[in-house]
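**Student:** Each chain is listed here by its residues.
There are 2 protein chains.
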Amino acid sequence: MNIVLLSGGSGKRLWPLSNDIRSKQFIKIFKKRDGSYESMVQRIYRQIRSVDENAKITIATSRAQVSSIHNQLGDQVGISVEPCRRDTFPAIALASVYLAEVEGVSQEESVVVCPVDPYVEEDYFRALKALERQADKEEANLILMGIQPAYPSEKYGYIIPADREAISKVLAFREKPDAKTAKEYIDHGGALWNGGVFAYKLKYILCKAHEMMDFRDYQDLLDRFETMPKISFDYAVVEKESSIQVMRFPGQWKDLGTWNTLTEAMEEECVGDGVMDDSCENVHIINELGLPVLAMGLKDVVISASPDGILVSDKHQSSYMKPLVDELDRQIMFAEKSWGSFRILDVGTESLTIKVTLNPGHRMNYHSHLNRDEVWVVIQGTGQAITDSVYREIGVGDIVTMKAGCRHTVTAYSELQLIEVQLGREISKNDKQKYPFD
Amino acid sequence: MNIVLLSGGSGKRLWPLSNDIRSKQFIKIFKKRDGSYESMVQRIYRQIRSVDENAKITIATSRAQVSSIHNQLGDQVGISVEPCRRDTFPAIALASVYLAEVEGVSQEESVVVCPVDPYVEEDYFRALKALERQADKEEANLILMGIQPAYPSEKYGYIIPADREAISKVLAFREKPDAKTAKEYIDHGGALWNGGVFAYKLKYILCKAHEMMDFRDYQDLLDRFETMPKISFDYAVVEKESSIQVMRFPGQWKDLGTWNTLTEAMEEECVGDGVMDDSCENVHIINELGLPVLAMGLKDVVISASPDGILVSDKHQSSYMKPLVDELDRQIMFAEKSWGSFRILDVGTESLTIKVTLNPGHRMNYHSHLNRDEVWVVIQGTGQAITDSVYREIGVGDIVTMKAGCRHTVTAYSELQLIEVQLGREISKNDKQKYPFD
Chain A
1 MNIVLLSGGS GKRLWPLSND IRSKQFIKIF KKRDGSYESM VQRIYRQIRS VDENAKITIA
61 TSRAQVSSIH NQLGDQVGIS VEPCRRDTFP AIALASVYLA EVEGVSQEES VVVCPVDPYV
121 EEDYFRALKA LERQADKEEA NLILMGIQPA YPSEKYGYII PADREAISKV LAFREKPDAK
181 TAKEYIDHGG ALWNGGVFAY KLKYILCKAH EMMDFRDYQD LLDRFETMPK ISFDYAVVEK
241 ESSIQVMRFP GQWKDLGTWN TLTEAMEEEC VGDGVMDDSC ENVHIINELG LPVLAMGLKD
301 VVISASPDGI LVSDKHQSSY MKPLVDELDR QIMFAEKSWG SFRILDVGTE SLTIKVTLNP
361 GHRMNYHSHL NRDEVWVVIQ GTGQAITDSV YREIGVGDIV TMKAGCRHTV TAYSELQLIE
421 VQLGREISKN DKQKYPFD
Chain B
439 MNIVLLSGGS GKRLWPLSND IRSKQFIKIF KKRDGSYESM VQRIYRQIRS VDENAKITIA
499 TSRAQVSSIH NQLGDQVGIS VEPCRRDTFP AIALASVYLA EVEGVSQEES VVVCPVDPYV
559 EEDYFRALKA LERQADKEEA NLILMGIQPA YPSEKYGYII PADREAISKV LAFREKPDAK
619 TAKEYIDHGG ALWNGGVFAY KLKYILCKAH EMMDFRDYQD LLDRFETMPK ISFDYAVVEK
679 ESSIQVMRFP GQWKDLGTWN TLTEAMEEEC VGDGVMDDSC ENVHIINELG LPVLAMGLKD
739 VVISASPDGI LVSDKHQSSY MKPLVDELDR QIMFAEKSWG SFRILDVGTE SLTIKVTLNP
799 GHRMNYHSHL NRDEVWVVIQ GTGQAITDSV YREIGVGDIV TMKAGCRHTV TAYSELQLIE
859 VQLGREISKN DKQKYPFD
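From first to last, the protein sequence lines stand for chains A and B.
Sequential numbering of the first sequence, starting at 1, is according to this note's numbering.
Sequential numbering of the second sequence, starting at 439, is according to this note's numbering.
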């Protein structure tokens, strides 16, 4: 199965666990059988592999997420990186051209596209395979998955099928109706939720892409991506296509876009360090800080704490957080990188103290800073530091000093933890010159 | 006026802002006119000084609070330090002997004793002076302040006066009645709250002290303090004394023992970095962390965050927190010391990273550690470090390394901030040998 996972925007409605560089799909919130936790993207990746171990999985995403994807899924997953955000049609077109040219997928093969963030079980992935087989038949240009509505939601678009068969022709689409209208659609028309899941033959979308966008090949599309139209796949393709089928999916499907829905999908009331008293009802704690959270006498509340901030919200009310979070707009205190992660420990007037963790075998870029000195104190592990082309083995207690301008990097032998103290009047993440290795 | 402020225990009902070494009276939570914040002890000290600039103020407290008192009030305040906790009678006796012997107060002078933690206005301090003048008259051995009840509380003891005059003889005491009984006491007997405020001639308590405890002088009492009876002042003196008057106080008096009452006394909904949406009602945020708190859709909730933890509680429910906090029982992440403060930034497997702030002109003890190496990186200010008798001027960017066993200290010229990285397998605050200066 060729599957393209659309890994979307930053998900500010799940602040403080998602931010501009760490999106909700990377939050480790779902408990696995072995007691450890996995993220949405890790969960869906594992689920696809368990249904089809040879699936060719490609993640369509922005540059900002590439580090997190490598950190969480390793280097084997395909990534179609959008140079900038251009809505879903250019994104899906780019991923399709990537599959054809970079991954060498035949134009006669089918491709399944689905969002990375629904909370689903294995039957969903078996349905994706059925979707692929249906696309193989070429009875229609596009095969949609229609999700059997759990209730007449106002949040989703609806697909109106021609009949109530497992697979039927699509009569029409309806965008987010009010609850009463939604109920009518469902009761009288057998309407289905549109979860943004569909399959097509690769040649179909390649053809559409060339019809609507001017480019020669993958590299050319990448180079000119910024000039492509901002247009959704629904608008560009689905609404104009007459040959569409919908395949009914009656299983569990939850959209995890808000704290309200996300906490419903959590197995445990508390992830991380937290205690609640007996008088708490329907309270969830998700705590990434090294401090305990104590909750008392609360009802329908989510508490979420990360190095970026602390949310305490009525669960329903939390879906309105976006404008408030936009106002907060501050330094990102934690980030996962391809080589490991960092956490800001202290922001001084002319200093910044950071804990850097490098995964074994990884190294950061070889780089220098114009306007700041840096000091590393090794607190765990061993590795090799390079400063101005001088190699040096380092271990716990070793100190590396780097004046402004000094080129430096470090490679981890075992998991390496450094306390990095940055010193200068103008400390900025943009003050970074990268160099090739000597 | 001689005034003894009783500065009591750790106040775990105000976790996470109070803990075993920082008590509630030191939380900076009250906004001053200039926009800065002051603590209970700073507020009451300032208020006393504004009514009587020559007041001799003595704080009766435990050893654990001495650093915080010096940090917040400077070195001029008198402190009667109890070598261990022995309840209020030995504490008041010790403070009285301290006044007589150390401060040279005449036995004929009057002394006013009151707790450090009520939330009161200036009329309260004028009432304290009136209490002192009444004690001067020697019409009775003990003059109590009787607080006009705001409501029939079940939390306080009651004083039953002989009549409804401003000053009257005391007929009886009643310990924490139920609300109905309290209402009867107030309606029919003109009962008053006992707020633990009273005045006496110094000679009276000195005499009582020698009657009930075996000691020669102040030093002897200190030395033998641990063997003294654990007995309350009420039980040892008040309940046995027949010559007692009560003076009515009709002004504002609030006990700030729980988050419920403390937040009532706060002028602002939010101290520290916090945002709440319009749907919040009667919500308070007290945030000492360098992270924003976002509150949405909450009612009657207090959110309090400090380096020790995060509390989110229904305000009324918060008064039951003590057993839950006792369970948390963990490393103290922030502390004020006589020389400044420290904050734990990161706890590693074999490392501890701390931010140390030294106030100008102050220095830490000259000390060494058996089982850990330390590294200092200066991030702000200038000072002088001493390592194994070697003196060295230090400033921003300087690094000081101290192997286990190395004697070290640092003096701040200006406010000095250090990132201290401790490295070792057995890092413990008890691993500290102090030395006199060379």
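Worth flagging that the hints you see were computed from the coordinates, not collected in a lab.
Positions of the beta carbon are idealized from the N, C-alpha and C atoms, including for glycine.
Accuracy of the hints is not assured; some may be wrong.
Result set (DSBU-like, lysine-lysine): computed pairs, CA atoms no more than 35 Å apart in a straight line [claimed, not checked]:
(1) Lys322(A) with Lys28(A)
(2) Lys434(A) with Lys621(B)
(3) Lys575(B) with Lys183(A)
(4) Lys469(B) with Lys322(A)
(5) Lys870(B) with Lys355(A)
(6) Lys28(A) with Lys793(B)
(7) Lys793(B) with Lys12(A)
(8) Lys618(B) with Lys641(B)
(9) Lys429(A) with Lys450(B)
(10) Lys841(B) with Lys793(B)
(11) Lys469(B) with Lys299(A)
(12) Lys466(B) with Lys299(A)
(13) Lys429(A) with Lys793(B)
(14) Lys870(B) with Lys299(A)
(15) Lys575(B) with Lys355(A)
(16) Lys737(B) with Lys322(A)
(17) Lys299(A) with Lys678(B)
(18) Lys867(B) with Lys28(A)
(19) Lys450(B) with Lys28(A)
(20) Lys593(B) with Lys614(B)
(21) Lys32(A) with Lys466(B)
(22) Lys793(B) with Lys403(A)
(23) Lys12(A) with Lys737(B)
(24) Lys466(B) with Lys12(A)
(25) Lys692(B) with Lys618(B)
(26) Lys230(A) with Lys299(A)
(27) Lys355(A) with Lys867(B)
(28) Lys230(A) with Lys137(A)
(29) Lys355(A) with Lys240(A)
(30) Lys793(B) with Lys593(B)
(31) Lys429(A) with Lys841(B)
(32) Lys692(B) with Lys355(A)
(33) Lys450(B) with Lys355(A)
(34) Lys841(B) with Lys299(A)
What the simulated footprint calls covered on chain A by chain B, stretch by stretch (three residues with Cβ under 8 Å from a Cβ of chain B suffice, anywhere in the stretch; the number is not a length) [said to hold, decoys possible]:
(35) 181-188
(36) 299-312
(37) 394-404
**Student:** Check the hint pairing Lys450(B) with Lys28(A) against an upper bound of 35 Å on the C-alpha distance.
**Tutor:** holds (33 Å)
**Student:** Verify the proposed pairing of Lys429(A) with Lys841(B), using a straight-line Cα cut of 35 Å.
**Tutor:** holds (34 Å)
**Student:** Hinted pair, alpha-carbon criterion (35 Å max): Lys737(B), Lys322(A). Please report holds or violated.
**Tutor:** Between Lys737(B) and Lys322(A) the Cα gap is close to 21 Å, so the pair holds against 35 Å.
**Student:** Does the structure keep Lys793(B) and Lys12(A) at a Cα separation of 35 Å or less?
**Tutor:** holds (31 Å)
**Student:** State whether the coverage of the segment 394-404 of chain A by chain B holds or is violated, taking the criterion as 3 or more residues with Cβ-Cβ distances under 8 Å.
**Tutor:** holds (count 4)
**Student:** Quick one, are Lys12(A) and Lys737(B) close enough, alpha carbons at most 35 Å?
**Tutor:** holds (24 Å)
**Student:** Taking only the CA atoms, is the gap from Lys355(A) to Lys867(B) under or equal to 35 Å?
**Tutor:** Holds: Lys355(A) and Lys867(B) sit about 22 Å apart, inside 35 Å.
**Student:** Just to be careful, I want the Cα atoms of Lys355(A) and Lys240(A) compared with a cutoff of 35 Å; is the pair within it?
**Tutor:** Between Lys355(A) and Lys240(A) the Cα gap is close to 52 Å, so the pair fails against 35 Å, i.e. violated.
**Student:** Given the hint that Lys575(B) pairs with Lys183(A), test it: the Cα-Cα distance must not exceed 35 Å.
**Tutor:** Violated: Lys575(B) and Lys183(A) sit about 85 Å apart, past 35 Å.
**Student:** Mind checking the alpha carbons of Lys618(B) and Lys641(B) for me, to see if they're no more than 35 Å apart?
**Tutor:** violated (40 Å)
**Student:** Regarding the pair Lys429(A) and Lys793(B), is the alpha-carbon distance no greater than 35 Å?
**Tutor:** holds (22 Å)
**Student:** Lys870(B) and Lys355(A) were given as a pair; does the straight-line alpha-carbon distance stay at or below 35 Å?
**Tutor:** holds (26 Å)
Of the numbered hints listed earlier, those contradicted by the structure are 2, 3, 8, 9, 14, 15, 17, 21, 26, 29, 30, 32, 34, 35.
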